[in-house]
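Asker: As a plain string of letters, each chain reads:
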Amino acid sequence: MGEIFVLVEHRQGKIRDITYEMLGAGEKLASQQGTSSTAVLLGHHVKTFAEELALRISKVLVVEDAQLEHFNSILYQKVLASLIAKHQPLLTLIGHTAFGMDLAPSLSAEMGLPLVTDCIGLSFEASRLKALRSIYGGKVNADVSLRESQGYMATLRPGVFRPAVPGEKKGGIIIEPSPLHGATDIKMFVEYIEAPLTGEDITQAEIIVSVGQGIGGPEHIPMIEEVARNLGGVLACSRPVVDRNWLPKERQVGVSGKTVKPKVYLAIGISGAFQHVTAMQGSETIIAINKDPRAPIFGVADYGIVDDFQNVIPILREKTKGTK
Amino acid sequence: MNIVVCVKRIPKTAEADIFIEKDGRDIKKDHLVFYLNDWDGYAVREAALLKERYGGEVTVITVGPEESKEVLTRCLAMGADRALRVEEPPDLDGHLTAEILSAVIKNQSFDLILTGVQAEDDNAGQVGVELAQMLGLPHAAIVTHIEMTGDKARVRRELEGGIDEVVELKLPAVLTIQTGINEPKYVSLAAILDAEDKEIKDLGTGEIGLSPGKTPDTKTDRVFFPPVTKTAEILKGSPEDVVKQLTEIIKKKKGS
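From first to last, the protein sequence lines stand for chains A and B.
Heads up: the first sequence runs through residues 1 to 324, numbered per this note's numbering.
Heads up: the second sequence runs through residues 1001 to 1256, numbered per this note's numbering.
Next comes chain B alone, as it looks inside the complex (with noise of 0.2 Å):
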């Protein structure tokens, strides 16, 4: 079974300092820390996982710059067996993210092709779906589980309030994975060494077969500071004081 998993190389943004850059259209990066998005490394460990229970071969796919290679080094360390990284263009969205994948997979035999869910940077969760709908195969989004049944993939779709909705797709197909649905494992530093070996294939727009006139549809203006509606009363003191303070909250809201 031959598997393609796209990935994003994305910030880490949740504990780190944010800055906006001078023109407002994005937010300063130099400094903060660069990794394999959340939902794509579950969808790696996935693809892993079925190859370990029905053999072939796993290919990871991004399209992002020069340091995206950091990126499928780990996707090799965790089980990937190929990599392939088109340069980014000076203008990307999900939609153009969508026709580069789409112009580099379609001409190439593939069972199954996974994305994460959305991207913790943009949280757009576009592109899995729109590739799909470009390669001309059905799709499922938000996956949490899946079992191949013959030339067919019956997975469970993530809803609202614990509920879970099953569909039966025929392969090959396209697939969001959701977080959750399987166990990281432990990359071993030897394991990323090894991987460091193997061969990362680089591509130019140019050179995948992209019909001329590819363009984002969305542009984004500007980024800001959301505005401030409401701040928390911050309690201060020293650890004692604050636990007392917020003792002597809880205890008046428990009662009301």
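So that you can see chain A by itself, here it is in the shape it has in the complex (with noise of 0.2 Å):
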């Protein structure tokens, strides 16, 4: 049987978590299999990476090639392809991320395995791949499954499996030939651009009030921003807000905006999607106002009001008045 591919994600001299989670999720699913997972490393300049891989898996397989060392999916793609081909493995597993999100649906589409997005738990049920999927905004789950094939292919969402630690043993590491012939010019890496630093720090406060877009519109942010001011906090927001630029982006809590710690995090009008959810779940204490008592938010939130925010924040900023 084959084995269980992890493909390693890093970036800028970091091995990303969901790396490890998927070391965890890869290794359960192969002792359940009965055969044994690989780390795949691609990259340039990658033996540190390696090292540290070899203590968490019993196998690293290690391409090294200066075309690596910046992600491109037409380059990824024509190692992974070849060492799949080489190496039969039963499943593939790559994060649910913009780097796997660029690569796994062409590769997949290339090597003509079937693949399952944003898991949040995979089984086999004889030799067959089961997914569990959350779905609707995370309303509702799914059990899906695949079609019988020799080989699978799965994207897992970061966040949701238990990472891989570090055993005592210290695994293999293999390095594999690269089969690439240099660069390719129909995509290429240009550079990374970063997130100016500009305006409030959300990452710092003690106290968070966060408005999603179940607010309506623009016109209620200055009243709760002096909630959140007279609170001694700060404004934040989820993704939609930003889209529709209510709020500048520093603003954003979430996925592909900042991730915080507050003791106290009021959220207002947001549903509770997971992309918002991942980035702010390790608050001391979340409080959620939502009109709509089947929002994904309450089961995250330590305490909730099911109501219109409107029949709630004026008379919460009566109350905080001269309290800051």
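It is worth saying that the hints were derived from the structure and are not from the lab.
As the structure is a prediction and not an experimental result, all values here were calculated from the model.
Heads up, some of the hints might be wrong.
[Said to hold, decoys possible] Straight-line alpha carbon distances no greater than 30 Å define the calculated DSSO-like cross-link-like pairs of lysine-lysine that follow: (1) K1012/B with K249/A; (2) K1214/B with K86/A; (3) K130/A with K1219/B; (4) K291/A with K1253/B; (5) K291/A with K47/A; (6) K78/A with K1152/B; (7) K1253/B with K263/A; (8) K321/A with K1244/B; (9) K1236/B with K78/A; (10) K291/A with K1236/B.
[As the list claims (entries may be wrong)] Label-pair restraints from in silico Cβ distances: (11) G1237/B with F124/A: 18 to 24 Å; (12) E219/A with E1015/B: 16 to 22 Å; (13) Q32/A with L1171/B: 44 to 50 Å; (14) K59/A with P1226/B: 34 to 40 Å; (15) P177/A with F1019/B: 54 to 60 Å; (16) G1024/B with P163/A: 16 to 22 Å.
Backbone N, C-alpha and C fix where the C-beta goes; we use that ideal spot for every residue, glycine too.
Two chains, two frames, a set of hints: combine them into the complex.
Answerer: See below:
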């Protein structure tokens, strides 16, 4: 039986957390299926990564190539296609991340392997891969099965699977020759652009009052910002508020924004989509105000108010006036 | 510059009551409002903006039931010039959707193909990038900015934590579009009425040259409500009572 491949995701000199989560998931699945798991590491000057990974897995396959220094889906795909053709893994795990979403679907189409994405659970039923997915904005879960195949692919949602911990045994590191013959000119990495540090740094605040698209319009923001200030906190928001230009990007709490861990996180009109929740669930106390009693946020919050924020926030503003 | 945008009609579930069908295979949808997938809306608007700047034509395509025509009409009102609907087969997933779109698009010539990053219903994020592979075109997923430079597109891809990646692709190429890339424009009733006069082409899967035997790679066996692991303590009483409890909680947690 083929092994389980785990594609290592790294960027700017660091292995990303999703990699350890996939190593954990891969190892668990491998032992259930009576096979082994293998970390697949592509890059340039990645020897220290290989050593670190070998503490958490029994085998690391490394392809070293200057062309692999920065992620380029065409080059990564070429290497992976050749590794998969050679080793015939039972399952290839990739993160459901900006990296994985740019790579997994095209790789699966090239190899003719069935792919299931954004999984929050995985299992085998006999030799058939099954996945658990969260859909309809997190309100519903789905059990999905893939067509029978010699090999499968799955992308895993970050922050869900328990990461592999370093063990005492050191796994083997195998260097595979690179199949690349130079660069590609149809897709080229140019550069990274970091978000500029402007305005308020919400990650340092002890109290955060955060608004979502449920507030209905930007006209309500001044009142809510006043409440935030009265409480000695800062104003933040979820992604849709930034998409609509109601607040600037530096206020965004989310996967593509900032991660926060304040003492108190008051979420107003935020549904609780996982891309937002994952970036604030470390808050000590979460309070949610939402008029939808079924909003997923109430499964994450410590306290909840099921009401239109317009019934509550004006009173809160009055009550907190002069308490700063 | 000729652009194709692939769009999806989806039910609005955000503030709606969700019920599971008796056979457990899907949610009940009869009472739900359907509309254009948010991500695809940004893609259509981006295509309209590119057309304003570079000229050309925008074609929107969807794989869906007869009712999808409403969504195509909206896209025409947003600036698309032509619309095409392929009747959806009884069992459909992202992979088969990509196969169908590939069969339709491969014999036509386009400079750019846009899709949304993902659909709000299944959040798979698969169709655009699979489609690119099937058409033999380069792609970039999660695009927040597009700049044309001759026969290339220089785009920004959104990574995690506020970092963007800039990549350059040779055209023709496939881009999956992220929300917030542009500012949605209000679509007037007049524009929609005008759009309703435009023709929408209907095709069956048998008419698009799809190779026989193409089937979905995945199947949904069952949908169910997520197990309740934690529920918030809901504050009860009049708004005044609730605010009183709220301020006490905040004061207590702030001080700890």
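Asker: Which hints, by number, does the structure contradict?
Answerer: 5, 9, 11 and 16
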